[in-house]
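As given, the protein sequences belong to chains A and B, one line each in that order. Okay, so the first sequence: first residue is 1 according to this note's numbering, each after it adds one. Okay, so the second sequence: first residue is 1 according to this note's numbering, each after it adds one.
One or more of the hints may lead you astray.
Chain B residues, not near chain A, derived (Cβ > 10 Å throughout) [claimed, not checked]: (1) Ser35; (2) Pro45; (3) Ile57; (4) Trp59; (5) Val91; (6) Ser184.
On the chain A side, residues computed to face chain B include the following (Cβ under 10 Å) [what the hints assert, rightly or not]: (7) Ala80; (8) Val81; (9) Leu87; (10) Val89; (11) His99; (12) Glu104; (13) Met109; (14) Asp111; (15) Leu112; (16) Gly115; (17) Leu126; (18) Leu131; (19) Leu154; (20) Leu156.
Since the hints were made in silico from the structure, they are not lab data. The beta carbon of each residue, even a glycine, is placed where N, CA and C say it ideally should be.
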Amino acid sequence: MSGGLPATTETVVLADRLGKSYGERAALEEFDLTVHRGTCHGLCGPNGSGKTTFLKLLTGLFRPSSGSVEVLGLPIPRRAVEVRRRLGVLLDQPLVPHHLSLGEALRYMTDLHGGRIPRARSAALLDRVGLSWRRRDSIRTFSRGMAQRASLALALLPDPELLILDEPFTGLDPQGCALVEEVITERVAAGGTVILVTHELRRAERLCDRVSWLERGRLRRTTERGSWSAAEIEGVA
Amino acid sequence: MSSLRTVMRLVRWECMRELRRGEIVVSMILFALVSIFILSFAIDPGTQTAVRAQPGILWTVLLLAGSIGVERAFGRAGEERVLEGLLLAPVGRVSIYYARVISTWLFVAVMNLVVIAAFLVLYNVRTDFATFLTILGGAWAAGIGFCAVGVTLAAMTRTVQGGEILHRLLLLPLLIPVFKGVVSLTTQALRGQEIGPREIAIILAFDLVYLAAGQLLFDEIVADFEG
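Same shape as in the complex, but just chain A (with noise of 0.2 Å):
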């Protein structure tokens, strides 16, 4: 985290007028969003307020309708998968066969990166996320919270130049939610890219150097670090 400000200028993500439709509705319109270097972002907003369509355009599962987006400087989504290399991605769940341990599960996600990723960092990622002792474990036998913390070890797995989270802290007891927000506070130190999707307005406070507000498939407004207080939200909710 940077006090406010951006620890660089480069820009890692840039939407320029971006819009997605289905149909008629307009799940995102006209959104504009620069996220840089070394920093940790916020996505907030109502359900159905377009977050997740965003994150869907920003990997490249999704087609803009209008508009363009970049992340780290390539042209999404005619260069997805050069991106997605540099990428970590937490959902709600391990995106993984789930009949796979979860040693097999970080091989399986170590092969689809073409098999460049050491085995130790694989080790040092489960000690890292208190699952050392279930690596021989199925996935589907976790509870929600352990599936969080496997999800998390996926993410991180190629060490990610850009690390999307969407709802991290769901399902986590107190010391899943203190080790995501460990996380993230280290790897925004050392430079690289948090985009933190949360209903959380405390944490997002503590965590992000700026927030983006959406509603209703635009955006409202981005505030700085500082400049807004989750309990005067919270207090007019």
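Chain A is already provided as a structure; the job is to place chain B on it using the hints.
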């Protein structure tokens, strides 16, 4: 080269899953064997009618059993989001498509081997090993086109309500040309006739058409991925 390596890695993971769980191969084989067994009661294998109907019976069973396998290419229970994980990984969509086609083809090929052997035994077909290999080779060649179309349709109907029915409704008519070729090849083999190059050419030509069309369509199908 790296794409080929990625495809083979993905195929290896798919095969590992199947070796552990056996859900696709076992369900295809069981369905086919039960069907052949029941049909052998209905049509006395010793009669002239049965001899004439043999290629049709065999291929109806292989087609229906195979469709059980290909429709699960993207939709095994509890693993609906594995495709999303693949699409988020640094893997080209073409690699994902071919990995699924190859792994599904391997499963169908194993089923073909067992079912054709069982069919020849249950229907008292007096034949030599070369004929068995000819029929099996035809099945494996037709299987390429079958899996190319089946995997594409499985991706297309993955999230559709009643997708399994829709999958079969679309799959069977699309496969008519390739199955016309392979049924004709089987008929010639069972009659001890020499296999004409026409049947083989038809099967291989449609394999290529289906693979090319599948590759192009798959990219479109997953372009706006709704998990």
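The hints, checked one at a time:
no. : hint   : result
1   : Ser35  : holds (29 Å)
2   : Pro45  : holds (40 Å)
3   : Ile57  : holds (35 Å)
4   : Trp59  : holds (32 Å)
5   : Val91  : violated (6 Å)
6   : Ser184 : holds (40 Å)
7   : Ala80  : holds (9 Å)
8   : Val81  : holds (5 Å)
9   : Leu87  : holds (8 Å)
10  : Val89  : holds (5 Å)
11  : His99  : holds (6 Å)
12  : Glu104 : holds (8 Å)
13  : Met109 : holds (7 Å)
14  : Asp111 : holds (4 Å)
15  : Leu112 : holds (4 Å)
16  : Gly115 : holds (7 Å)
17  : Leu126 : violated (19 Å)
18  : Leu131 : violated (18 Å)
19  : Leu154 : holds (9 Å)
20  : Leu156 : violated (14 Å)
Violated hints, in rising order: 5, 17, 18, 20; the structure is consistent with all others.
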